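Each chain sits in its own coordinate frame; assemble them with the hints.
For the protein sequence lines, the chains are A and B, in the order given. Counting in the working numbering, the first sequence runs from 1 upward without gaps. Counting in the working numbering, the second sequence runs from 260 upward without gaps.
Please keep in mind that the hints were generated in silico from the structure rather than gathered at the bench. It is possible that some hints are incorrect.
[Claimed, not checked] Short derived list, chain A residues pointing at chain B, Cβ under 7 angstroms:
no. : residue
1   : I10
2   : R28
3   : M29
4   : V51
5   : R54
6   : S55
7   : H57
[Said to hold, decoys possible] From chain A, some residues computed to sit far from chain B (all C-beta separations above 10 angstroms):
no. : residue
8   : D52
9   : P56
10  : D69
11  : G88
12  : F94
13  : T130
14  : Q216
15  : D217
16  : R223
Because the structure is a prediction, the values reported are computed rather than measured. Cβ coordinates follow ideal geometry from the N, Cα and C atoms, glycine included.
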Amino acid sequence: MTVASDPFVIAGRELASRLILGTGGFPRMETLAEAIRVSGTELVTVAMRRVDPRSPHSLADVLRECGVDVLPNTAGCFTARDAVLTAGLAREAFETDWIKLEVIGDERTLLPDAPELLSAAEQLVAQGFTVLPYTTDDPVLARRLEDVGCAAVMPLGSPIGSGMGIRNTYNIQLIVERAGVPVILDAGVGTASDAALAMELGCDAVLCASAISRAQDPEAMARAIRAGVEGGRLARLAGRIPRRLHAEASSSFEGLAEL
Amino acid sequence: MPAKRGADVLSHTQHTSYDVVIVGGGACGLAVAWRARARGLSVCLLDRGALGAATSAVAAGMLAPVSEADAGEPALVALGLESARRWPAFAGELEDVTGMPVGYRACGTLVVARDRDEAEALERELALRDRLGLETRRLLPSEARAVEPALAPTLRLALEVPSDHAVDPRALCSALATAAERAGAALHPGVEVARVIIADARVSGVELPGGERIACAQVVVAAGPWSGALEGIPTAARVPVRPVKGQSLRLRDPSGPGLLERVIRFEGGYLVPRGDGRYVLGATVEERGFDTAVTALGLWELLRDAQELVPGVLELEVEELPVGLRPGTPDNAPALGRSTVVEGLLWATGHHRNGILLAPLTGDLLAAELTGEAVVAPAFAPDRFAAVVA
Chain A
1 MTVASDPFVI
11 AGRELASRLI
21 LGTGGFPRME
31 TLAEAIRVSG
41 TELVTVAMRR
51 VDPRSPHSLA
61 DVLRECGVDV
71 LPNTAGCFTA
81 RDAVLTAGLA
91 REAFETDWIK
101 LEVIGDERTL
111 LPDAPELLSA
121 AEQLVAQGFT
131 VLPYTTDDPV
141 LARRLEDVGC
151 AAVMPLGSPI
161 GSGMGIRNTY
171 NIQLIVERAG
181 VPVILDAGVG
191 TASDAALAME
201 LGCDAVLCAS
211 AISRAQDPEA
221 MARAIRAGVE
231 GGRLARLAGR
241 IPRRLHAEAS
251 SSFEGLAEL
Chain B
260 MPAKRGADVL
270 SHTQHTSYDV
280 VIVGGGACGL
290 AVAWRARARG
300 LSVCLLDRGA
310 LGAATSAVAA
320 GMLAPVSEAD
330 AGEPALVALG
340 LESARRWPAF
350 AGELEDVTGM
360 PVGYRACGTL
370 VVARDRDEAE
380 ALERELALRD
390 RLGLETRRLL
400 PSEARAVEPA
410 LAPTLRLALE
420 VPSDHAVDPR
430 ALCSALATAA
440 ERAGAALHPG
450 VEVARVIIAD
460 ARVSGVELPG
470 GERIACAQVV
480 VAAGPWSGAL
490 EGIPTAARVP
500 VRPVKGQSLR
510 LRDPSGPGLL
520 ERVIRFEGGY
530 LVPRGDGRYV
540 LGATVEERGF
550 DTAVTALGLW
560 ELLRDAQELV
570 PGVLELEVEE
580 LPVGLRPGTP
590 DNAPALGRST
600 VVEGLLWATG
610 HHRNGILLAP
620 LTGDLLAAEL
630 TGEAVVAPAF
640 APDRFAAVVA
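With the rest of the complex left out, here is chain B (with noise of 0.2 angstroms):
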């Protein structure tokens, strides 16, 4: 879809001057959008594409952070727990308010080993998350085949996460959308922000690609992988996010739903039940840059690994071949808050696998610190990376 033309946005719009602008209408910059108007504040959202379209729309929707659990990052997983214990109710409030459904499923999780090596990883995640005090359960193989009949007979070993779930995240998005709109939120799917208009370390709005501009004391990026491209934004401000391209398969059970409760995690991707019969198997890690060529050799990878371990995904009808790109930082965390550098200016990206598990929380994180509260931990202050920007 083209984008549109300032002036339409503009005669479309109530006002041409708003408390907060939003660049970026994946879950996370509608959740700050929903939040925001929450608090009072006026809010106009912009993407160049549709809402929802991009990093959201391909993402699998596990809210994981005891599965993704990663020795290395314990701040991530501390973020990641809390948001996770926010999605109940996140999910309860969006639903009541829109009457749209999420498709967030308390189904857990199981993580299975398909020989010797994997199983000895296994036994190695499992004590680093006793270590950490997050509950994991170590199932035998019959265990697990007892809850879960369509694993192959060939597992070794299974770890059972009974807190990791999972969300459908096109719905969310969707819902998402609903409820900001509702809120009194003005959303402009299809409008291209040019750039950031920043005088003397200080935002003043966003500028169309037509001249057009719309004035604002505060701009939230949320633009996922092109965070780190968006033009105005001096180069001690920015925060280097790179896309990480992941492809992955949509397939459905013509036989409706029942292969699979549980998410199923293996060594080289997973698979994720909406519990409807569609599923999603993904998913690649490349570094690819913004390249999204679905290619054989990536299918070839999910589908070899996924049958060893779930041979009945053969049977599935392919529905759809979705390639997304992840907000990628030099961390893994997100760069979520102020800026120090530019007043006014404000993060919320880099969320690469954990973005639907973090929108809950980074909408409510986002929209205190817009409301002037400093709720941020440091290990996501969006400038810890000035030295790798420079």
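Next comes chain A alone, as it looks inside the complex (with noise of 0.2 angstroms):
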């Protein structure tokens, strides 16, 4: 693939902005506004369980408004039943068929649950969503959830808030190599090297909340993170010169006077 011609497209749909934006944690609406804004994201995902739709001036409203898409999540599910109904809410509540499934394992380290992920996620394509699992970074797992019919995986980095960037670079790599889906490295970025870090791993694109709502600086780390996507994604196209012991001059030696 060239870098000229480089779309991301997640079940048929075609996305500009390789990154997705989380909604929580922004201090003001004004703020998450402006983040998204200068992020260039498409697609904003909300926690159905903390929002309400119909709300005027709230988060709905605010995401209409800058002309995103909402990708409903089901944060703060612990079993496959939960998530199930809360998918079903979610396609009620804003018409989309996509749903970001979380099943949540462990209050203190939110990682997922796996057996109930992949439960979950079989179900809701049975259902005819286009699911988008928040998983580990299991390899077997991502094929698994693949295989149910999921039409993309997203693997942690390290905990979601964490910030502790990319935990097991290996582990993403062997996702990316078998995926026949799109892998968007969800939870654990921290800034924009988290990120181009993860689009030179071969990652599709990147799903980033904390870093940049609890930041201090929203916006500016919004514009930093898409610089990172956007320098991450050019830099796997261009392809990486392999790693040396030893230096190699960048110059020939070739032509140079003989004194």
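Okay, structure coming up:
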């Protein structure tokens, strides 16, 4: 694939931006709107359990004004049953079949519960949802999620909100190598270089929330992470040089004057 | 309580024409009424419910401009500090003229961290306050527990904010209503305003549901989260206020006061002691529209976090489970003062988490604006959201 034509497609839908924004943790609605604008994102995820989409001047209105699409998520669900019910409510409320599936296994780490996640994914695919599951960085689980019909896989770099970056780059590479659906790095991004690294490893996109919303200057961090995603993607397509133990001069010695 | 018919209101009212009609009888509307009367204006205040019974009655009453300071909101921090500075005299004057206590307590605040992650976040908050020149002090866990022994032994770090105090908003509203009434304001709880009457971009009064009218040259909208939906106001003059739901618990220590002296703030909530054995544990922040349901999740999260830091909370009795709606704006700052679109239309709304803190200053600023002075900073101009509303 060339740098010039580089579409990002999920479930047949083309997106110009490879950055997906989470809406949690912003100090002000206005700041959220500004971060969305400067990030260039087209897809924004919203916790279904925390939002009433009918409320005036609330989150749903702000997102409408920004002209972005909503990707509802099932944050706060601990069982497949709750996640499936929540996805149904989200479909009705936001009029979309797309769902970012989260089934959390533990309060303290917010890590995914693998068996519940797989079960919920299977049920939601059967109900006609376009399922984007938040998963651990386990390549086997990612494969299983793809096999049950998920439209993408969203492995974590490290726990939600931890800002610890990508702790196991090898697993992310293994997931990317085997995936037949887009791989979106979800959770753990703390700063722009984390997003760039995800893209260099071959992820198709990055989802980011806390790194932007809880930064001292969220708007500036939204610009930075956008640049990180774009830079990382370009670097991936450009093809990096191999790592060498010893130096190799960048200019050839040929043609130098013989003194 | 069903709203009174307009005819009843008018029959009990000396005049049907006032200098100012205030829509909304919460802490801010009442403060404006009191202060406007002091400047000699004739004032009529209408509220569809009881006075101070909605958002104000649920507020915990923290006066916390330093704890709440946010690097992205410098004008709001300055506004909060100025209002906090006025609080002692405001409370004193109110108690003097009414003989009623307002529960103002110069108790100070501790912001506490329960683990390494929260402690690091607190260090960042401390650095920010140092930069802003706000007085805060870093306390070791042992120092914090020496002044508040009910804090958990697992405490990791605390910040002392000596200037952040508390007041009892319910007592405050009762005293404000008495003060405003004694000063000559006509207060009408249980009366809804159907619409503001505006012709040729100028206010001429308000209309009640029965069609009766009260004439006035100026209207102050102080209707909290309901301010954005008041009828009769053209779109270009509206303020985008949204309800932000907050659940809380009112707790009581059967053995009396003593568990906590200071306000305790932590990630996910706060505990405010009233000084008599009663405590407010709050509050969730939820974007749920006008929903006011009490939820198991909301209460559990508050109790879970509070008992980790103050284990004795679990020994308290539950008196009440209030749910309130904060009036939020896109930039978290209030809308204060004159509309530039409609003559005679003023706003005192959008105070979000800070309505009780900002009540004294809101009263003073609006009273000045009502008598023709321009005193409100541009950061709080009601028309700054024109692009959002349109």
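Hints versus structure:
Interface restraint check: A:I10 against chain B, minimum CB-CB distance 27 angstroms, threshold 7 angstroms, status violated. With its C-beta approaching chain B no nearer than about 5 angstroms, A:R28 sits inside the 7 angstroms limit, and its interface hint holds. Checking A:M29 against chain B: minimum C-beta separation of about 4 angstroms stays under 7 angstroms; hint holds. Satisfaction of the interface hint for A:V51 is found here, the shortest Cβ-Cβ separation to chain B being roughly 5 angstroms, below the 7 angstroms cut-off.
Because the smallest distance between the Cβ of A:R54 and any Cβ of chain B comes to about 6 angstroms, under 7 angstroms, the interface hint for this residue holds. Checking A:S55 against chain B by beta carbon gives a least distance of about 3 angstroms; that is within 7 angstroms, so the hint holds. Checking A:H57 against chain B by beta carbon gives a least distance of about 4 angstroms; that is within 7 angstroms, so the hint holds. A:D52, annotated as away from the interface, has a beta carbon of chain B within 10 angstroms; the closest lies near 4 angstroms.
Not every Cβ of chain B is farther than 10 angstroms from the Cβ of A:P56; the closest lies at roughly 6 angstroms, contradicting the non-interface assignment. The claim that A:D69 lies off the interface holds: its Cβ sits roughly 19 angstroms from the closest Cβ of chain B, which is beyond the 10 angstroms cut-off. Listed as a non-interface residue, A:G88 keeps its Cβ farther than 10 angstroms from every Cβ of chain B; the least gap is roughly 19 angstroms. Taking the minimum C-beta to C-beta distance to chain B, about 14 angstroms, the non-interface status of A:F94 holds against the 10 angstroms cut.
Under the 10 angstroms C-beta cut-off, the non-interface status given to A:T130 relative to chain B holds; the minimum distance is some 25 angstroms. At the 10 angstroms boundary, the C-beta of A:Q216 falls inside the reach of chain B, the nearest C-beta of that chain being 6 angstroms off. Listed as outside the interface, A:D217 is inconsistent with that label: its C-beta sits roughly 8 angstroms from the nearest C-beta of chain B, within the 10 angstroms cut-off. Every beta carbon of chain B lies more than 10 angstroms from that of A:R223, the smallest distance being close to 15 angstroms; the non-interface claim holds.
When each numbered hint is compared with the structure, violations occur for hints 1, 8, 9, 14 and 15.
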